[in-house]
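K.L.:
One-letter residues, chain by chain:
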Amino acid sequence: MATVQKKQKTPLIHIVKRPQVAWYHSIIVRAVAIVAALAFSGIVITLLIGENPLEVYSSIFDGAFGTSRRIWNLLQSMAMLLCISLAVTPAFKMRFWNIGAEGQVLIGGLATVIVMMFLGDKLPLPLLFLVMTAASILAGIVWAFIPAFFKAMWNTNETLFTLMMNYVAIQLVAYFLKVFVKDGSGALRPMSEYGFPAIGDNQFILNIIIVAALTIAVYIYLKFSKQGYEISVVGESENTAKYIGINVKKVIIRTLIISGALCGIAGLLLVGGTNHTINVETAGGRGFTAIMVSWLAKFNPLYMVLTTFLIVFLEKGASQVSTDFRVPEDISNIITGIILLFIIGCEFFLQYKVVFRKTRKEND
Amino acid sequence: MAKKIALECRSITKTFGSVVANNNCNLEVMQGEILAILGENGSGKTTLMNMVAGIYFPDEGQILIDGEEVVISSPKDAFNYKIGMIHQHFKLVDVFTASENIVLGIDDDKRFNMKAVNKKVIEITQRYGFIIDPEKRICDMSVSEKQTVEILKVLYRGADILILDEPTAVLTPQETEKLFSILRRMRDDGKSIIIITHKMHEVLSISDRVAVLRKGEHVATVNTPETNEAELTELMMGKKIDLNIKRSEPKNSKDRLVVSNISSVNEEGRPVLDNISFTARSGEILGIAGIAGSGQRELLEAIAGLHKLTDGEIIYYTPEENKPENLRDKTPIQIRDLGVRLSFVPEDRLGMGLVGNMDIIDNMMLRSYRKGHSFFLKRREPKNLADRIIKDLEVVTPNANTPVRNLSGGNVQKVLVGREIAASPSVLMAAYPVRGLDVNSSYTIYNLLNNQKENGVAVIFVGEDLDVLLELCDRILVINSGKITGIVDGRTAVKDEIGLLMTKSTSLEEDADGKEVQ
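For the protein sequence lines, the chains are A and B, in the order given.
Residue numbering for the first sequence follows the working numbering, beginning at 1 and increasing consecutively.
Residue numbering for the second sequence follows the working numbering, beginning at 1 and increasing consecutively.
Keep in mind that the hints were calculated from the coordinates and are not lab data.
Do not take every clue at face value.
[Unchecked claim] Over the 12 Å line for every Cβ pair with chain B, so calculated as not near, a few chain A residues: (1) I43; (2) Y175; (3) G184; (4) D201; (5) Y229; (6) N239; (7) D324; (8) G345.
[To be verified] Partner residues are not named here, just some residues of chain A that face chain B (Cβ under 10 Å, in silico): (9) V233; (10) T240; (11) S322.
C-beta atoms are modelled at their ideal positions from N, C-alpha and C, and glycine is treated no differently.
Chain A on its own, in the form it takes in the complex (with noise of 0.2 Å):
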């Protein structure tokens, strides 16, 4: 709390709980907050490479949306960071904090991309994109499953424990690739022949609808289903889960199932759906991000749609505005963080207020 130290000194300001805010409160709040990181982030542009930062934030919208292609760009991208963010939820709304997204993703996108390679020219598509479909999620699920088994019984530390379980998925991949890519390169030739479907010409479509449908599963799944709410009663107490009977292993692990699922799924659409191939790379750093947008969006897959535009949107920008400026990339992910800085801080501002110290009555 900041107080003035120095002694005979009444405290200039405190900090006070703010009761409920009105939504109207909230939304003034964050409209200032994000006013507030632009003209910061401008002042912050003029003074690191002395660009016009109104030129900048135009390119940051030119980025994202310059062109037809980078909207979809932005709308891909956005799917599959949803996507992601929606796998992690369940789990973080359990309180079970699961950072082995990145993990379950990578160990999905690598089983289909064996099924490509090794059922591909051996199965008609539909039923090769069914075998892909049910061997991610099967893997996701795996990947998933044993930390939350080991929690359940013995009470292991999720987060270790998800967070190892990144490095074996992601050095799985590395191995698969060193066996599996015979010219040395490193790099797997992508089987775009077994990919999934472009829609019209677009091939993004598909994965949008898809996200989209999840996201509307995943949000009636937590607010109407019982086992929904069971998850909320885990998460909030789970003692109080255990006074009203709740199993709370047989939640936890069917809660993580559900997570590696929607994880499973996530490689599905990256391999299957996007890049036709994987590299250690394919999950790119998702997997954390997600978890961001979930706790922006306090876990409501609705709000989740604007919390991951609005860092797509950025990232978009941001790399626009290097190109744009020839500035290293560095500078486009300052502006990133300031930005996500004040949206981020100004939660503070909504359940605190600030109270400056009242003049002293001048009654004695």
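Given chain A, put chain B in place with the hints provided.
P.N.:
This is chain B only, laid out in the frame that chain A set:
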């Protein structure tokens, strides 16, 4: 000789958000005086004292020590002005000894000389009549010994103004009497003592003057010898209140729950329940008395299927056919599936009975959401139940969609008890159901328990206030260190008898632990 004012609070105001905790409070304490601060929960007693102790800072108003205005913005400042506060929840390091805890945090750039510290501690104990071993570790101490260490901590730093926040809440009647005699000795030594409490008879027996707070405002300060219980209650509540609990004769009592020879151990393998046997009958309130942590919680949890037993049986007799069902080693769900209508109001309301962040409807649903085969929740029935409880029990809340953590303690408890009673139980267990509740809410709860009893429910009531136990219960079971030390008749027993049973040593092992035998 006129006594000097040691501490004075002038028009202190403190708000938390929109809640006014203290409004324009005035208070003065003399040297060599015991001042009781009396008020209901939420009347701002603790907040006011926390400002004196430097934990909060007042929004408005002044604090004067020995007639001079001072600014206390941290507990360290408070110590500099020789003010020490003993909090309700002890702040001690478990693995340290008494002396180590006492000197912890004293920063005088010198190395600790533990021998000298021990000597000084013993000096203080002799002066005021404490009994404590300065080299005993906190984790080996009883609750009253821990409290002694907290008081010594403050005295060691040379405090002249001592503030004790509900010091007797964790003590037996005998321990309370001992503490009071120590406090009187300190007063005679010239120290100022402020004791926060809401127990009327303690106020009358210990204090010289009483300051009464109501809804954050200081309503009066009266001299203790010139007042009485009725007047103080009226000041505290703002109106006259009938403080009698009506107790009806049990009608048509049948054995409902027969607990025989149950034992259990905690995670470290130490026994928490030791060969406990009793019977709860329908149409009767069975009280359970004991020092906090004597196994009350585990006993109720064992009946509810939440605490594993190593030995013994719990037999439930169905009200309809008198058919015995053994509840041991069954999960709460299995117990419910047997048709056992067991309701349980746990001690930890928001951490176990309810989910603080969920609204009243979703909390109602905790008991009923499983009904039916649908994959989805049905919120209509819980909504109706929530509305009914809000209306019948006069729960103060904007609506049924308010998270229960935003309700006051009394209203939280009404929601929980209301839900448990709505399940039309045949056995109702309630652990400390009035803890932290104001007088009005407490009586609402007593009435609800009495109604259940009259409807033929077997009620088990774990309480801490012996006066209430004696007024409410038909029989009182006394538990100490996981053993039953006696079962007495609520109509004929006296308080001292129960107090003795609460501390009665039941085995040699406890003597070795250093618990005092009364």
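K.L.:
Take the hints in turn and mark each one as holding or not.
P.N.:
Hint by hint, here is what the structure shows:
With a least beta-carbon separation of about 34 Å from chain B, I43 of chain A lies farther than 12 Å from that chain, consistent with its non-interface assignment. Non-interface status of Y175 of chain A relative to chain B is upheld: no Cβ of that chain comes within 12 Å, the nearest being about 41 Å off. No Cβ of chain B approaches the Cβ of G184 of chain A within 12 Å, the least distance being about 52 Å, so the stated non-interface status holds. Distance check on D201 of chain A: its Cβ is at least 39 Å (rounded) from any Cβ of chain B, clearing the 12 Å threshold; non-interface status holds.
The beta carbon of Y229 of chain A is not kept farther than 12 Å from every beta carbon of chain B, the shortest such distance being approximately 6 Å. The claim that N239 of chain A lies off the interface is violated: its Cβ sits roughly 4 Å from the closest Cβ of chain B, which falls inside the 12 Å cut-off. With 12 Å as the threshold on Cβ separation, the claim that D324 of chain A sits away from chain B holds: the shortest Cβ distance comes to roughly 46 Å. Distance check on G345 of chain A: its Cβ is at least 21 Å (rounded) from any Cβ of chain B, clearing the 12 Å threshold; non-interface status holds.
Because the beta carbon of V233 of chain A sits about 6 Å from the nearest beta carbon in chain B, less than 10 Å, this interface hint is met. Contact between T240 of chain A and chain B, as hinted, is supported at the beta carbon level, the nearest pair being about 5 Å apart and thus within 10 Å. The interface hint given for S322 of chain A is broken, as the beta carbon of that residue sits about 42 Å from the closest beta carbon of chain B, more than 10 Å.
The structure fails hints 5, 6 and 11 (numbered hints given earlier, in ascending order).
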